[in-house]
Structure formats: structure tokens, C-alpha cells
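**Q** Sequence:
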Amino acid sequence: MAMLFSIAALPCILWPAVYVGIFDGWIAGIVAWLGLQLLGGLATIILRIRGPLLGLHIALGILTLPAGYFLTLSNPPWQ
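The opening position of the sequence shown corresponds to residue 37 in our numbering, with each subsequent residue numbered one higher.
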């Protein structure tokens, strides 16, 4: 089950970097992606997100993924 959620979350990881890349260039997109990865990992460590709190974040993420997919596909920046 966790693998399915990881696959479903790939656009959440990639789309912000793609948006930055489209508007500011591909180097900025790569830098944004690396920054988001580092900040996400640091936030998890600093806020001590684990155990039951991690489950809450996964549940909230599952609820918001369809909205993110809809917004991304209904109004893409390349149109």
C-alpha cells in the first residue's frame, strides 16, 4: 500500500519543479527540486514527524492528491 501512495505522490514531487522550470528555466527547476527535497527532509526531522503523526500527514495527503491532479490538468501552464 505504501508503494502505491509513493507512486501517486510523484507528481507532488515533480510538478513544482516543472512549473519553476517552465517559467524560470530548467536550471532553476532542478535547483527548486533539490531545494524542495532538502527542505522536506529537514522539516520531517525538525518537526519530528513520525509514528501516528506520519499517518495523519499521509491521510491528509491522500485527500488532497485528487484536487492537485485536477488543478494541474485543468489549467496547465503550457497552454
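To be clear, the hints were calculated from the coordinates, so they are not data collected in a lab.
One should not assume that every hint holds.
Cβ pair distances, simulated, as ranges [unchecked claim]:
1) 66 <-> 112: 14 to 22 Å
2) 72 <-> 94: 25 to 33 Å
3) 58 <-> 95: 25 to 33 Å
4) 99 <-> 52: 14 to 22 Å
5) 84 <-> 61: 35 to 43 Å
6) 66 <-> 92: 18 to 26 Å
7) 88 <-> 67: 33 to 41 Å
8) 58 <-> 90: 27 to 35 Å
All values reported here derive from a predicted model rather than from experimental measurement.
Even for Gly, the Cβ is constructed at its ideal location relative to N, Cα and C.
**Q** Compare the structure with each hint and give your call.
**A** Verification of the supplied hints:
Here the CB-CB span from residue 66 to residue 112 is close to 20 Å, well matched to the stated 14 to 22 Å. Roughly 18 Å separates the CB atoms of residue 72 and residue 94, a value that falls outside the hinted 25 to 33 Å. Checking the proposed 25 to 33 Å range against residue 58 and residue 95 shows it holds: the Cβ atoms sit about 31 Å from each other. Judged by the Cβ atoms, the range 14 to 22 Å given for residue 99 and residue 52 holds: they are separated by roughly 19 Å.
With their beta carbons about 36 Å apart, residue 84 and residue 61 fall inside the hinted range of 35 to 43 Å. For the pair residue 66 and residue 92, the beta carbons lie near 31 Å from each other, so the given range of 18 to 26 Å is not met. Our hint of 33 to 41 Å for residue 88 and residue 67 holds, since their Cβ atoms are close to 34 Å apart. Checked against the hint of 27 to 35 Å, the C-beta distance between residue 58 and residue 90 comes to roughly 32 Å, which is consistent with it.
Hint violations for this structure: numbers 2 and 6, all remaining hints satisfied.
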